[in-house]
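Protein chains: 2
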Amino acid sequence: MKLTILFGGASFEHEISIVSAITLKEKLSSFDLSFIFCDQDHSFYLIPAQKMKAITFSKAEHKKMPKLSLVNGAFLEKKMFSTIEHKNTVLNLIHGADGEDGTVAALLDFFSIRYIGPRVNASVFSYDKRYTKWLCEAKGMKSVAYEMLSLHEHKNITLEYPVIVKPASLGSSIGVSIVKDESELDYALDVAYEYDKSILIEPFIKGVKEYNLAGYMANGKMVYSIVEEPQKEEFLDFEKKYMDFSRSEQVLKADISAELESKLRASFDKVYKNMFEGALIRCDFFVVKGEVLLNEINPIPGSMANYLFEDFAGGLEALASSLPHNKRASVNYDYIHSISSAKGK
Amino acid sequence: MKLTILFGGASFEHEISIVSAITLKEKLSSFDLSFIFCDQDHSFYLIPAQKMKAITFSKAEHKKMPKLSLVNGAFLEKKMFSTIEHKNTVLNLIHGADGEDGTVAALLDFFSIRYIGPRVNASVFSYDKRYTKWLCEAKGMKSVAYEMLSLHEHKNITLEYPVIVKPASLGSSIGVSIVKDESELDYALDVAYEYDKSILIEPFIKGVKEYNLAGYMANGKMVYSIVEEPQKEEFLDFEKKYMDFSRSEQVLKADISAELESKLRASFDKVYKNMFEGALIRCDFFVVKGEVLLNEINPIPGSMANYLFEDFAGGLEALASSLPHNKRASVNYDYIHSISSAKGK
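Sequences listed follow chains R and B, in order. Our numbering numbers the first residue of the first sequence as 1 and each following residue consecutively. Our numbering numbers the first residue of the second sequence as 1 and each following residue consecutively.
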């Protein structure tokens with residue numbers, strides 16, 4: 001299968017996206033892959049497979065590679081006397097801003113480029129954790145209690161310590177702190193406000209059971225990964241997550257009951273259906289007293305959570321063959337014609 | 001003030017957008033205006049002011065005009081031996097799909113073009129009426145009761161007739177029907193499903209009081225229009241709305257108490273703040289037994305609801321001078337560098 005991996009982006013998770021792309025290059029070696037890099041200035045470059053190394057980007061060598069622009073149906077490469085249209089299905093692998101906030105989705109929709117990844121609506125409801133809470137409420141799903149703080153309207157928090165402080169709209173634990181008591185709060189807020197003007201405060205539930213489940217819909221059917229119980233310390237900081245994004249070895253299935261697995265799948269369905277079609281996502285759940293709570297939606301998980309699937313390449317191919325159709329309104333000028341003729345013009 | 005009016009779009013409201021743009025050309029005659037048309041194939045054209053007539057587009061004469069492409073910071077016009085960058089602040093006047101669904105917002109954000117109009121998140125919560133309901137619930141605002149139907153999971157409705165049937169994601173009354181009893185339901189659903197695969201059913205409240213209020217935030221302060229009580233029949237059909245979009249005469253203030261006006265403004269604030277900054281929007285409210293219900297958010301109202309403002313041009317200028325800043329993450333390669341050096345590479 002031909003597939004273009006789109007990665008990079010003007011995002012705090014820019015480096016993570018590079019690591020993800022390099023990992024998928026290995027993992028999808030049976031595919032006919034091409035690579036498009038979006039740099040921090042929002043320019044696109046076509047990266048030859050042999051140049052898919054972290055150092056290419058950290059040394060800005062990508063700037064010597066062919067620059068691409070978006071046109072209807074393709075990324076366009078201009079040669080001296082000709083142009084090449086790159087028209088493959090795109091895998092949106094830009095983590096964080098640009099990729100997960102709906103921007104890249106809108107861009108690819110507008111230019112009629114087929115892609116694997118969350119659509120605009122789905123991006124908005126997963127990128128900003130506040131809207132994920134709204135989604136939970138609307139769909140009758142439990143999630144962790146929370147309070148919002150915002151830079152301009154400061155107020156006191158009422159949750160009991162310890163709490164976890166998160167920028168509303170970042171992944172990969174960037175700007176996240178665990179706050180044990182009030183004396184640590186201001187510093188944690190300062191850190192989080194570096195990244196977002198809205199902050200989410202949640203109770204820190206010590207020793208909570210955490211389970212990750214990935215999946216997608218292909219040919220009208222849900223396909224689920226194994227359930228993983230992530231081995232972690234208090235929480236993954238950025239550096240650990242970074243390493244996490246290069247995972248490619250399949251992991252062991254969590255030792256859970258069939259009943260819990262089916263509860264997790266049912267919760268996954270509630271999140272996914274009528275929202276995330278076209279994307280392979282990973283949901284991170286907490287289980288508290290037998291009850292499933294949604295913690296986070298990763299609409300573009302690190303290295304596409306390849307390590308959770310038995311047949312990752314086959315699954316991605318099935319997903320690529322059943323992407324949502326973007327029905328575009330057809331325009332006519334009936335009213336203008338009828339008004340013009342009424343005016344005798 | 002220099003301002004570029006962006007209009008058209010691949011939308012069922014394409015013609016309405018043309019009418020809106022022509023109306024604003026007259027209404028903003030004190031501005032230094034330029035006009036960019038987005039056609040149904042998503043190509044952009046620069047339209048000379050004297051060609052801003054409906055017939056230019058219905059006869060496809062725009063195709064003879066300069067074609068533009070998006071580059072970082074501008075719409076680019078290629079001349080024989082040079083290029084011109086069109087860098088003015090843009091007024092997003094594309095009604096319906098493209099303009100109000102977050103696509104154009106994302107495009108302008110991505111290419112760092114300043115614009116008046118709803119941002120991506122705000123677009124998602126106003127374009128799809130289902131998500132407007134979620135917004136109401138999250139913000140503790142009342143709205144009309146509703147049920148959702150979708151093309152793939154048909155079910156019976158439980159609301160009492162008469163009901164109003166609406167495609168979830170269209171404005172301008174397109175595809176909307178009032179259904180007096182069950183015998184009329186199937187036809188109304190067929191009409192609505194022509195436009196959207198999700199349908200909203202609401203009770204039709206006969207003789208409900210309806211009030212429209214527009215506003216925006218400029219320099220940190222909310223600015224409100226007068227409150228209008230729209231004179232209408234059962235509801236405005238497309239043709240009447242179409243005419244409505246060319247309104248430019250200031251209307252009379254609704255005869256309401258100061259108390260109701262302040263209630264409407266308080267509801268408007270709840271919708272607007274932390275969501276619609278950068279946009280001039282119109283909210284349509286119902287008042288039932290003294291209680292304010294949000295009916296609809298118009299994030300790009302027809303002809304920008306100019307007829308509700310005493311100083312429309314001055315207001316737009318103030319809004320343009322206080323648009324949200326799009327803070328873009330700066331990228332460094334700290335982790336890649338540190339990992340490379342740890343590996344001795």
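Hints listed in this document are in silico derivations from the structure and should not be mistaken for laboratory results. Heads up, a few of these hints could be off.
Any copy, or any two copies together, can satisfy a pair, since identical chains are not distinguished.
Stated by the list, open to error - Computed cross-link-like contacts, DSBU-like style, restricted to lysine-lysine with a CA-CA straight-line distance of at most 35 Å:
#	residue 1	residue 2
1	Lys221	Lys155
2	Lys142	Lys79
3	Lys327	Lys180
4	Lys209	Lys27
5	Lys180	Lys273
6	Lys64	Lys25
7	Lys59	Lys27
8	Lys327	Lys59
9	Lys59	Lys263
10	Lys155	Lys327
11	Lys53	Lys139
12	Lys197	Lys2
Hints, verified against the model:
1. For the homomeric pair lysine 221 and lysine 155, the shortest alpha-carbon distance between copies (21 Å) is at most 35 Å, but the shortest distance inside one copy (46 Å) is not.
2. Proximity of lysine 142 and lysine 79 under a CA criterion of 35 Å is satisfied in neither setting, with 54 Å inside one chain copy and 58 Å between copies.
3. Only between protomers do lysine 327 and lysine 180 lie at most 35 Å apart by alpha-carbon distance; the minimum there is 31 Å, versus 50 Å within a single protomer.
4. Proximity of lysine 209 to lysine 27 under the C-alpha cut-off of 35 Å is restricted to the intra-copy arrangement: shortest distance 29 Å within a copy versus 61 Å between copies.
5. For the identical chains of this complex, lysine 180 and lysine 273 are inter-copy neighbours only, at 32 Å across copies versus 37 Å inside a copy, given an alpha-carbon limit of 35 Å.
6. Taking the shortest alpha-carbon separations for lysine 64 and lysine 25, only the intra-copy value of 21 Å comes in at or below 35 Å, while the best inter-copy value is 45 Å.
7. In this assembly of identical chains, lysine 59 and lysine 27 lie within 35 Å of each other by CA distance solely inside one copy; the values are 25 Å within and 52 Å between copies.
8. Within a single copy, lysine 327 and lysine 59 get their C-alpha atoms only as close as 42 Å, which misses the 35 Å cut-off; across copies the closest is 24 Å, which meets it.
9. In the homo-oligomer, the alpha carbons of lysine 59 and lysine 263 never lie at most 35 Å apart, since the shortest distance is 47 Å inside one protomer and 58 Å across protomers.
10. Proximity of lysine 155 and lysine 327 under a CA criterion of 35 Å is satisfied inter-copy only: 24 Å between copies versus 45 Å inside one chain copy.
11. For the identical chains of this complex, lysine 53 and lysine 139 are neighbours neither inside a copy (42 Å) nor across copies (47 Å), given an alpha-carbon limit of 35 Å.
12. Taking the closest pair of Cα atoms, lysine 197 and lysine 2 come within 35 Å of each other only across two copies (30 Å); inside a single copy the shortest separation is 40 Å, beyond that limit.
In summary, the structure is inconsistent with hints 2, 9, 11 from the numbered list given earlier, while agreeing with the others.
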